[in-house]
Amino acid sequence: MDGVVSLFRFVSDNTSGVLDRTIEHAWLVLGVILAASVFSVFVGVAVQHRNTAKQFALGTASVLLTIPSLALFAIFIPLVGIGNRAAQIALFLYAILPVLRNTVTGLDAVDPAIVESAKGMGMGQVQQLLRVRIPLAWPVIIAGIRVSTQLITGVAAIAVLVGGGGLGSYIQRGLTSLGNPFSIERVWTGTLFIILLALVLDLLLGFIGKRTTSPGLR
Amino acid sequence: MSQDTSIGSGPAGTVGDRDPTDMPVMIHLDGVEKIYAPGEPPAVERLTLDVHTGEILVLVGPSGCGKSTTLRLINRMIEPTGGRIIFDGEDVTEMDPTQLRRRIGYVIQRIGLFPHQTIAENIGTVPRLLGWDANRATARTDELLDLVGLEPSIYRDRYPKELSGGQAQRVGVARALAADPPVMLMDEPFGAVDPITRDRLQNEFLRLQAEVQKTIVFVTHDIDEAIKMGDRIAILRERSVVAQLDTPARILSYPVDEFVDDFIGAGSTLKGLHFERVEGLDVPDYPTVTLETSRSEARQLLADSDFHWLLALDAQNRPARWIKDDHLSGSSQPLDQVGLQVRAVVEPNATLHDALEAMITSSAAQAVVIDHDGTYRGVVQIELLTEAIRRMRSDARRHYEQLEATR
Numbered sequence: 001m002d003g004v005v006s007l008f009r010f011v012s013d014n015t016s017g018v019l020d021r022t023i024e025h026a027w028l029v030l031g032v033i034l035a036a037s038v039f040s041v042f043v044g045v046a047v048q049h050r051n052t053a054k055q056f057a058l059g060t061a062s063v064l065l066t067i068p069s070l071a072l073f074a075i076f077i078p079l080v081g082i083g084n085r086a087a088q089i090a091l092f093l094y095a096i097l098p099v100l101r102n103t104v105t106g107l108d109a110v111d112p113a114i115v116e117s118a119k120g121m122g123m124g125q126v127q128q129l130l131r132v133r134i135p136l137a138w139p140v141i142i143a144g145i146r147v148s149t150q151l152i153t154g155v156a157a158i159a160v161l162v163g164g165g166g167l168g169s170y171i172q173r174g175l176t177s178l179g180n181p182f183s184i185e186r187v188w189t190g191t192l193f194i195i196l197l198a199l200v201l202d203l204l205l206g207f208i209g210k211r212t213t214s215p216g217l218r
Numbered sequence: 219m220s221q222d223t224s225i226g227s228g229p230a231g232t233v234g235d236r237d238p239t240d241m242p243v244m245i246h247l248d249g250v251e252k253i254y255a256p257g258e259p260p261a262v263e264r265l266t267l268d269v270h271t272g273e274i275l276v277l278v279g280p281s282g283c284g285k286s287t288t289l290r291l292i293n294r295m296i297e298p299t300g301g302r303i304i305f306d307g308e309d310v311t312e313m314d315p316t317q318l319r320r321r322i323g324y325v326i327q328r329i330g331l332f333p334h335q336t337i338a339e340n341i342g343t344v345p346r347l348l349g350w351d352a353n354r355a356t357a358r359t360d361e362l363l364d365l366v367g368l369e370p371s372i373y374r375d376r377y378p379k380e381l382s383g384g385q386a387q388r389v390g391v392a393r394a395l396a397a398d399p400p401v402m403l404m405d406e407p408f409g410a411v412d413p414i415t416r417d418r419l420q421n422e423f424l425r426l427q428a429e430v431q432k433t434i435v436f437v438t439h440d441i442d443e444a445i446k447m448g449d450r451i452a453i454l455r456e457r458s459v460v461a462q463l464d465t466p467a468r469i470l471s472y473p474v475d476e477f478v479d480d481f482i483g484a485g486s487t488l489k490g491l492h493f494e495r496v497e498g499l500d501v502p503d504y505p506t507v508t509l510e511t512s513r514s515e516a517r518q519l520l521a522d523s524d525f526h527w528l529l530a531l532d533a534q535n536r537p538a539r540w541i542k543d544d545h546l547s548g549s550s551q552p553l554d555q556v557g558l559q560v561r562a563v564v565e566p567n568a569t570l571h572d573a574l575e576a577m578i579t580s581s582a583a584q585a586v587v588i589d590h591d592g593t594y595r596g597v598v599q600i601e602l603l604t605e606a607i608r609r610m611r612s613d614a615r616r617h618y619e620q621l622e623a624t625r
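Read top to bottom, the protein sequences are chains A and B.
The first sequence begins at 1 in our numbering and counts up by one.
The second sequence begins at 219 in our numbering and counts up by one.
Don't read these hints as lab results, they were simulated from the structure.
Don't be surprised by glycine CBs; every beta carbon is placed ideally from N, CA and C.
A couple of the hints might just be wrong.
[Stated by the list, open to error] Part of the chain B face toward chain A, derived, beta carbon under 7 Å: (1) Thr316; (2) Arg319; (3) Arg320; (4) Tyr324; (5) Arg328; (6) Gly330; (7) His334; (8) Ala338; (9) Val344; (10) Tyr377; (11) His526.
[Said to hold, decoys possible] Straight-line C-alpha distance at most 25 Å; calculated SDA-like pairs for lysine to any residue: (12) A/Lys210 - B/Tyr377; (13) A/Lys210 - A/Leu199; (14) B/Lys489 - B/Ser580; (15) B/Lys542 - B/Arg517; (16) A/Lys210 - B/Pro333; (17) B/Lys379 - B/Leu419; (18) A/Lys54 - A/Val115; (19) B/Lys379 - B/Thr356; (20) A/Lys210 - A/Ile195; (21) B/Lys379 - A/Gly206; (22) B/Lys379 - A/Thr105; (23) B/Lys379 - A/Val140; (24) B/Lys379 - A/Arg218; (25) A/Lys210 - B/Glu380; (26) A/Lys210 - B/Arg376; (27) B/Lys379 - A/Pro215; (28) A/Lys210 - B/Ser580; (29) B/Lys379 - A/Gly209; (30) B/Lys379 - B/Arg416; (31) B/Lys379 - A/Ile208; (32) B/Lys446 - B/Glu605; (33) A/Lys210 - A/Ala143.
With the sequences and hints as input, model every part of the structure.
And the structure:
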């Protein structure tokens, strides 16, 4: 019980700091998600009809996800130096797989009869994609984006180790000062606010997903 | 069959009374060929075929005969590997395929409505592609919903998932008609609905076609659907080779070979009766009396005739009772109390099939022909039908002999 009370005390004493770190964390995640989503949807569309390319893309994305996060972050330091850039690139690579896989799955699931009728009525390739195939795959794609967001909100805590910001700094400071006052509280603050942020972002994306999905598909 | 209904006025189009080949050619296939892979047998082998303006040409054949492939060559959903396809005077292989497809309505078995769009948006697809302004497109959508029997105010803003199979199919047809294309390609359009709905959709479509007069190429594997829908039928065997191409009536009367005979199956004579009307029969004199005629006079008349029944007409000259010798000798009641009530009546525009059905239900085994106002015109007996069948067959045979001679 004491732990909870002191955690509250720590947070209320550091409100502006916690808020700043949370916002920093959120921006990091959102920027990466936006870039990774656009990239993954493009790749997904490009490889969907080419089986070899599809397997290669999905395989690569899976391998990226299996690289231990600490190592992946470190790999980019020699290339882009210490700082947010290395963190962004590593998170970007992690975020690819769920969106890519769901884009491919979503496009695969579009009823061929619907594409056939779109083509038969005189829609070109781009019109078929933008007016029919993407809108139909959209609920599945947005589900992938939500999974990616959850994933990298957590992983982004490690960004602090390569010089990035965000809520990971509380966890790191806490862990390196174990035994000192408020060290455990720091760890808990970082963890708790990451979870809260993940929940808020998920709700936000759920709302966006609902607003951007046709009522005909619900 | 309720006793007062006269059979007749079948759905428009079931009886072919005009020759579709009199109209100009809309689509001309000239030695069209499709080979998917070198070395493989062609899916379509040097097919030459004309589709005339305003006709429904049905391509029918066993599955895998290449009928769908043939259809899809016309709007270049599949690219031909040989031959030419002339659409309204232009070679389709020289046209931009998307532009071509916007000028050709396309209906497939699984319809392919866009589930994320409302019914109005679905129907407005081609008009939007063609850049119509919103008002014109909306007006057209409502017009089409009316045309296919769906109330615009109810269905306009619904989504496809809220429609039954039959309604979805109607929307599919409306969507194909949206930009008023001169030609429609229909690939088993009624194949996925239950038999009762299919029958209704077929009838509705024939009524619609009588109004819009499109040039239609219609693919089915169901010979009965082909007979019902087609102005002409092309029966295809493997590789889309035409086994017989003619009106349904002539194909039924004179299948050119065993393949066609097998394919149209049993009952072709009965089916053929759909294509002749009662008014085309040469109805002979039949002994009639009025209800006021005396019994002795009636008996005398029957005895002098070659028939077993007398037909008694009422004061308005409408058929009233069938009277037989037994009825006249049994009692002394006036004529309107004896004999059997006339139930089986047909109008002159009824088909021979309708007449046959009426005969079977009739107590006297013959059908009375009446005018629209119910007055007596004549009596159809079974001998007349057999004679008509013989005539249809010999006409068809003569037609083919002439074709052979001029070749």
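Taking the hints in turn, this is what the structure says about them:
The criterion of a C-beta within 7 Å of any C-beta in chain A is met by B/Thr316, whose closest approach is roughly 5 Å, and the hint holds. About 4 Å separates the beta-carbon of B/Arg319 from the nearest beta-carbon of chain A, less than 7 Å, and the hint is met. Annotation: B/Arg320 was flagged as interfacial toward chain A, and the flag holds, the nearest CB pair being 4 Å apart, inside 7 Å. Of the supplied interface hints, the one on B/Tyr324 holds, with its beta-carbon coming within about 4 Å of a beta-carbon of chain A, less than 7 Å.
Interface restraint check: B/Arg328 against chain A, minimum CB-CB distance 4 Å, threshold 7 Å, status holds. A least Cβ separation of about 3 Å between B/Gly330 and chain A falls short of the 7 Å threshold, and the interface hint therefore holds. Hint status for B/His334: holds, given a least beta-carbon distance of 4 Å to chain A, under 7 Å. A distance limit of 7 Å between C-beta atoms decides the matter here; for B/Ala338 the minimum to chain A is near 12 Å, and the interface restraint is violated.
Hint status for B/Val344 relative to chain A: holds, with the closest Cβ pair at about 5 Å, below 7 Å. At its closest, the beta carbon of B/Tyr377 sits 3 Å from a beta carbon of chain A; the interface hint therefore holds under the 7 Å criterion. Because the smallest distance between the Cβ of B/His526 and any Cβ of chain A comes to about 60 Å, over 7 Å, the interface hint for this residue is violated. Restraint check for A/Lys210 and B/Tyr377: the C-alpha separation of about 16 Å stays at or below 25 Å, so the hint holds.
Between the alpha carbons of A/Lys210 and A/Leu199 the distance comes to roughly 16 Å, so the proposed pair stays at or under 25 Å and holds. The hinted pair formed by B/Lys489 and B/Ser580 meets the criterion: a straight-line CA distance of about 21 Å does not exceed 25 Å. Pair hint B/Lys542 plus B/Arg517 holds up; C-alpha atoms about 9 Å apart against a cutoff of 25 Å. Annotation: proposed proximity of A/Lys210 to B/Pro333 holds, straight-line Cα distance about 16 Å (limit 25 Å).
Taking the CA atoms of B/Lys379 and B/Leu419, the gap is near 19 Å; set against the 25 Å cutoff, the hint holds. In summary, the hint linking A/Lys54 to A/Val115 is supported, as the alpha carbons are separated by about 20 Å, within the 25 Å threshold. For the given pair, B/Lys379 sits about 21 Å from B/Thr356 by alpha-carbon distance, which is consistent with the 25 Å threshold. This hinted pair checks out: A/Lys210 and A/Ile195 have alpha carbons roughly 22 Å apart, not beyond 25 Å.
For the hint pairing B/Lys379 with A/Gly206, the CA-to-CA distance comes to about 23 Å; that is within 25 Å, so the pair holds. Proposed proximity of B/Lys379 and A/Thr105 is supported: the alpha carbons are some 22 Å apart, at most 25 Å. For the hint pairing B/Lys379 with A/Val140, the CA-to-CA distance comes to about 18 Å; that is within 25 Å, so the pair holds. Among the hinted pairs, B/Lys379 with A/Arg218 is consistent with the structure: their alpha-carbon atoms are about 10 Å apart, no more than 25 Å.
For the suggested pair A/Lys210 and B/Glu380, the alpha carbons sit about 19 Å apart, so the restraint of at most 25 Å is met. At roughly 18 Å between alpha-carbon atoms, A/Lys210 and B/Arg376 fall within 25 Å of each other, so this suggested pair holds. About 10 Å separates the Cα atoms of B/Lys379 and A/Pro215, which keeps this hinted pair within 25 Å; it holds. Between A/Lys210 and B/Ser580 the alpha-carbon distance is near 65 Å, which puts this suggested pair outside the 25 Å criterion.
Distance check on the hinted pair: B/Lys379 and A/Gly209 sit about 20 Å apart at the alpha-carbon level, within 25 Å; holds. A threshold of 25 Å between alpha carbons decides the hint, and for B/Lys379 with B/Arg416 the separation of about 19 Å falls inside it, so the pair holds. For the proposed pair B/Lys379 and A/Ile208, the alpha carbon gap of about 23 Å is at most 25 Å, so the pair holds. For a cut-off of 25 Å, the pair hint linking B/Lys446 to B/Glu605 stands: about 23 Å separates their Cα positions.
With a CA separation close to 11 Å, the supplied pair A/Lys210 and A/Ala143 stays within the 25 Å bound.
Hints 8, 11, 28 from the list above are not met by this structure, while the remaining hints are.
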